[in-house]
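K.L.:
Sequence:
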Amino acid sequence: MGRDSLCANIAEDLLAQYVSSDGTISVPADLTLTSFLENHAAAEGQRAAYRFIDYSHDRDGSTEELSWRSLQTAVSAVAARLRQVTSPGDRVAVLAPQGLHYVIGFFAALHAGTVAVPLFVPALSGQAERLRAVLADSDPRVILTTTGAAASVREMLRTIALAERPRVIAVDAVPVSLSDNLLRPVRSADDIAYLQYTSGSTRTPVGVEITHRAACTNVAQMILAGRLDMGVRSVSWLPLYHDMGLVMIMFPMLCGGQITLMDPMAFVRRPYRWIRQLANEATQGRTFAAAPNFAYSLCAERGLPPADAELDLSNVVGLLNGSEPVTLAAIEKFTTAFAPYGLPATAIKPSYGMAEATLSVASIAADAAASAVHLDRSALARGQAIPVGPETPGSVSLVSCGQPIPNQWLAIVDPGSGAELPDGRVGEIWLHGNNIGRGYWGRVDETQRVFANKLQTRLDMSSHADGVADNGTWLATGDLGVYLDGELYITGRSKDVIIIDGRNHYPVDVEATVSQSAPAIRDGYVAAFAVDATVPARAGVTAGEHLVIVAERAVGSSRMDSSFVAEAVRGAVARIHHIPVSDFRLVPAGAIPRTTSGKLARSACRSAYLAGEFD
9 MGRDSLCANI AEDLLAQYVS SDGTISVPAD LTLTSFLENH AAAEGQRAAY
59 RFIDYSHDRD GSTEELSWRS LQTAVSAVAA RLRQVTSPGD RVAVLAPQGL
109 HYVIGFFAAL HAGTVAVPLF VPALSGQAER LRAVLADSDP RVILTTTGAA
159 ASVREMLRTI ALAERPRVIA VDAVPVSLSD NLLRPVRSAD DIAYLQYTSG
209 STRTPVGVEI THRAACTNVA QMILAGRLDM GVRSVSWLPL YHDMGLVMIM
259 FPMLCGGQIT LMDPMAFVRR PYRWIRQLAN EATQGRTFAA APNFAYSLCA
309 ERGLPPADAE LDLSNVVGLL NGSEPVTLAA IEKFTTAFAP YGLPATAIKP
359 SYGMAEATLS VASIAADAAA SAVHLDRSAL ARGQAIPVGP ETPGSVSLVS
409 CGQPIPNQWL AIVDPGSGAE LPDGRVGEIW LHGNNIGRGY WGRVDETQRV
459 FANKLQTRLD MSSHADGVAD NGTWLATGDL GVYLDGELYI TGRSKDVIII
509 DGRNHYPVDV EATVSQSAPA IRDGYVAAFA VDATVPARAG VTAGEHLVIV
559 AERAVGSSRM DSSFVAEAVR GAVARIHHIP VSDFRLVPAG AIPRTTSGKL
609 ARSACRSAYL AGEFD
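To convert, note that position 449 of the sequence shown is 457 in the numbering used here; the numbers rise steadily by one, no gaps.
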C-alpha cells in the first residue's frame with residue numbers, strides 16, 4: 009500500500025489534519041499533544057481510553073479503566089491545579105507508580121502548558137542516584153505523585169540541594185470539580201512538551217527537549233511506517249518514564265482507540281500476562297506493541313500459554329523490537345514459539361530509535377519479515393560492509409532495521425569531515441526531521457555540538473540527504489551504521505568501539521561470542537570494553553589497549569569453576585576475533601550495571617571495574 013492509499017484511509021480522522029495526501033507531515037503551529045482530548049471525549053464518552061491491569065494483589069490481575077470522559081475531567085482538574093501554582097514553561101516532574109494516575113499526571117502537565125519531566129517513584133531499585141541527579145538538573149516547580157507515594161517523595165526531596173523545594177501534589181487527591189476552572193494557556197507546537205532524560209548507557213543522563221511538534225510528528229511517522237489503523241489497540245508493560253513506553257500512551261491521545269497497561273515487574277515475573285492481553289485485544293481488532301529484544305526471548309522461554317489455552321494472535325500486526333541490539337535468534341525463537349497461535353511471520357519489526365529523535369527512526373516494512381546479513385568481520389573492522397555466506401568462518405550477523413520512517417532523513421557520515429559516505433561504508437548516523445528534539449536541557453554547547461551539524465558534502469547520486477536544504481541541521485547520534493542494498497544496519501556506538509592494535513572491534517559482536525562460549529554465562533548479560541594507557545592498570549593488566557570482559561553467571565552455574573569458563577571465553581574470542589582477553593570476570597547475576605531501560609551500561613561497568621568493584 010502506498011502513502012496515497014494509506015492517507016486516504018485516515019482522511020476522516022483527526023490525524024489527517026496534518027498528514028497530506030503525499031504523506032508529508034505538517035504539524036499546525038497550534039497543535040499540542042492534548043489538542044484532541046475534548047474531541048475524543050465528546051465522540052467516545054464512556055468508552056475506555058486507558059486500562060491498567062494491577063497484578064500486585066491478584067495473580068490474575070484486577071483491571072482499572074479510564075473512559076475518555078473521565079480522562080478529560082481528571083486531566084483538566086489536575087491541569088487547573090497546576091495553573092494555580094505554576095507558570096507556562098515551568099517543569100513538572102511525574103514521580104508516580106506505573107498506572108492510570110501516571111497517565112493523568114503526564115497529560116495534565118502538558119495541558120497546563122508546563123514542561124513534563126517523566127520519572128519514577130523513589131522506590132525503584134538501584135535508581136536513587138539517577139533520580140536525584142535528574143531532579144537537580146530539571147529543577148521542577150511541582151512534583152506530581154500519588155497519595156501512596158507522597159511520603160517517599162518528600163523524604164527523597166530532603167536529600168537534594170534545590171534552589172527551591174518543589175510543591176508535591178497527589179494526582180488522586182485533586183478534586184475533579186477543579187476541571188471547570190481550567191484556564192488554558194496559549195500554547196505552540198514548538199513549545200517544549202517534556203524532557204526525556206536519556207537512559208545513560210554511555211553517559212550521564214541529560215534531558216532531551218521534546219516539543220509538541222516532534223512528538224506529534226513521530227506518532228504520525230510510526231502510523232504511516234507501520235500502516236497502522238487509527239484507533240489501533242495496544243498492550244504495554246514498558247516503563248512510562250522511558251521513551252518507548254511514553255510514546256505508546258500518546259497513540260490514543262492523538263489517534264483515539266485505547267491501550268492496556270501493566271507494570272514492568274508483572275511482565276518479568278510472568279511474561280505470559282503480556283501475551284494473554286495481546287490476544288485479548290487482538291480479538292477486537294488489529295493490535296500492535298513494542299518491547300526491547302530481551303522481552304521476546306523471555307516470552308519464548310517463560311511465556312508460553314498453558315496447554316489448554318485458546319489463543320489467537322493473528323491480529324497482532326506489529327511488535328516493534330528496539331531499545332537494545334536486536335538479534336535474529338530472539339526473533340526466530342519468539343516467532344516459532346507463537347506461530348501455532350496464529351502469530352504472523354511478519355509480526356516482529358526490528359527497529360532503530362533514540363530519545364533525541366523522540367523515539368522511532370527506522371523500521372522494516374509493514375509486510376516484511378525480519379532478516380539478517382552476514383558480513384566479513386575483518387572488513388567491518390576497517391569500516392566496510394562486505395556480505396559473505398552465513399557459514400563463512402568469523403562472519404558477523406547484523407539484523408536489518410529497514411528504512412527510515414516517512415519524513416525522516418538518515419545519512420551515514422564521516423564525523424571527521426562531515427562528508428556523506430556511500431552505501432557499504434560504515435559511519436556515524438546523522439538524522440534530520442521534525443521529530444528531532446530541540447536540544448539538551450541547560451546544555452548550550454553540547455546542543456550545538458550534537459544537534460546543529462551541517463553536511464559538508466553529499467553524494468552526487470543516491471544521496472540519503474536529498475530533500476534536506478543545504479543549510480539544514482543534523483543530529484549526530486554517536487551510533488555507527490551502514491546502508492546495504494537499501495537496508496539500514498546498526499553496528500554499534502562510536503564511544504563503545506574497542507580499538508586494539510589499531511583495529512576496531514564492536515562490543516556487541518564480542519559480547520555475543522562470549523555469551524555463546526560457555527553455558528555458565530548468562531546470555532545477553534556480558535559487557536566488553538577496553539582499558540587503555542590513559543587509565544591506571546588493575547589486577548595485573550598492563551598499560552596499553554586491552555580487552556576486559558565482565559559476564560554474569562547463568563542460573564544454576566554457581567558450582568562451575570570460573571577458571572574453566574575463563575578459558576572457554578579466551579579461546580572463543582581469540583579464535584573468532586583474533587584478540588586476547590586481558591582480564592575476565594565472572595560475576596553474580598545483576599552485578600553488571602544497566603540503564604533504566606535495561607540496556608547494558610558499559611561505561612558504568614568499566615568504571616566499576618576500574619574502581620575494583622568486581623575484584
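Because the hints were derived from the structure by calculation, they are not lab data. None of the values given here were measured: they were computed from a predicted structure. Hints should not be assumed to be uniformly reliable.
Claimed, not checked - Straight line, CA to CA, 20 Å or less: simulated SDA-like cross-link-like pairs of lysine to any residue:
| # | residue 1 | residue 2 |
| --- | --- | --- |
| 1 | K503 | G480 |
| 2 | K503 | S470 |
| 3 | K341 | R385 |
| 4 | K462 | N479 |
| 5 | K341 | G426 |
| 6 | K341 | P395 |
| 7 | K462 | G486 |
| 8 | K503 | E454 |
| 9 | K462 | L492 |
| 10 | K503 | R530 |
| 11 | K341 | N461 |
| 12 | K341 | D384 |
| 13 | K341 | R390 |
| 14 | K503 | A380 |
| 15 | K341 | R278 |
| 16 | K503 | S425 |
| 17 | K503 | K341 |
| 18 | K503 | A477 |
| 19 | K503 | D493 |
| 20 | K503 | A612 |
| 21 | K503 | N479 |
| 22 | K341 | A376 |
| 23 | K462 | V505 |
| 24 | K503 | G475 |
| 25 | K341 | Q292 |
| 26 | K462 | S502 |
| 27 | K341 | E309 |
| 28 | K341 | A387 |
| 29 | K462 | G480 |
| 30 | K503 | R578 |
| 31 | K341 | N479 |
| 32 | K462 | S523 |
| 33 | K462 | T481 |
K.L.:
Are the hints correct? Go through all of them and say.
P.N.:
Hints, verified against the model:
no., hint, result
1, K503 / G480, "violated, 25 Å"
2, K503 / S470, "violated, 29 Å"
3, K341 / R385, "violated, 25 Å"
4, K462 / N479, "holds, 7 Å"
5, K341 / G426, "violated, 40 Å"
6, K341 / P395, "violated, 24 Å"
7, K462 / G486, "holds, 15 Å"
8, K503 / E454, "holds, 16 Å"
9, K462 / L492, "violated, 24 Å"
10, K503 / R530, "violated, 24 Å"
11, K341 / N461, "violated, 40 Å"
12, K341 / D384, "violated, 25 Å"
13, K341 / R390, "violated, 32 Å"
14, K503 / A380, "violated, 24 Å"
15, K341 / R278, "holds, 18 Å"
16, K503 / S425, "holds, 18 Å"
17, K503 / K341, "violated, 31 Å"
18, K503 / A477, "violated, 29 Å"
19, K503 / D493, "violated, 27 Å"
20, K503 / A612, "holds, 13 Å"
21, K503 / N479, "violated, 27 Å"
22, K341 / A376, "holds, 17 Å"
23, K462 / V505, "violated, 24 Å"
24, K503 / G475, "violated, 30 Å"
25, K341 / Q292, "violated, 26 Å"
26, K462 / S502, "holds, 19 Å"
27, K341 / E309, "holds, 9 Å"
28, K341 / A387, "violated, 29 Å"
29, K462 / G480, "holds, 7 Å"
30, K503 / R578, "violated, 24 Å"
31, K341 / N479, "violated, 46 Å"
32, K462 / S523, "violated, 40 Å"
33, K462 / T481, "holds, 5 Å"
In summary, the numbered hints that this structure violates are 1, 2, 3, 5, 6, 9, 10, 11, 12, 13, 14, 17, 18, 19, 21, 23, 24, 25, 28, 30, 31 and 32.
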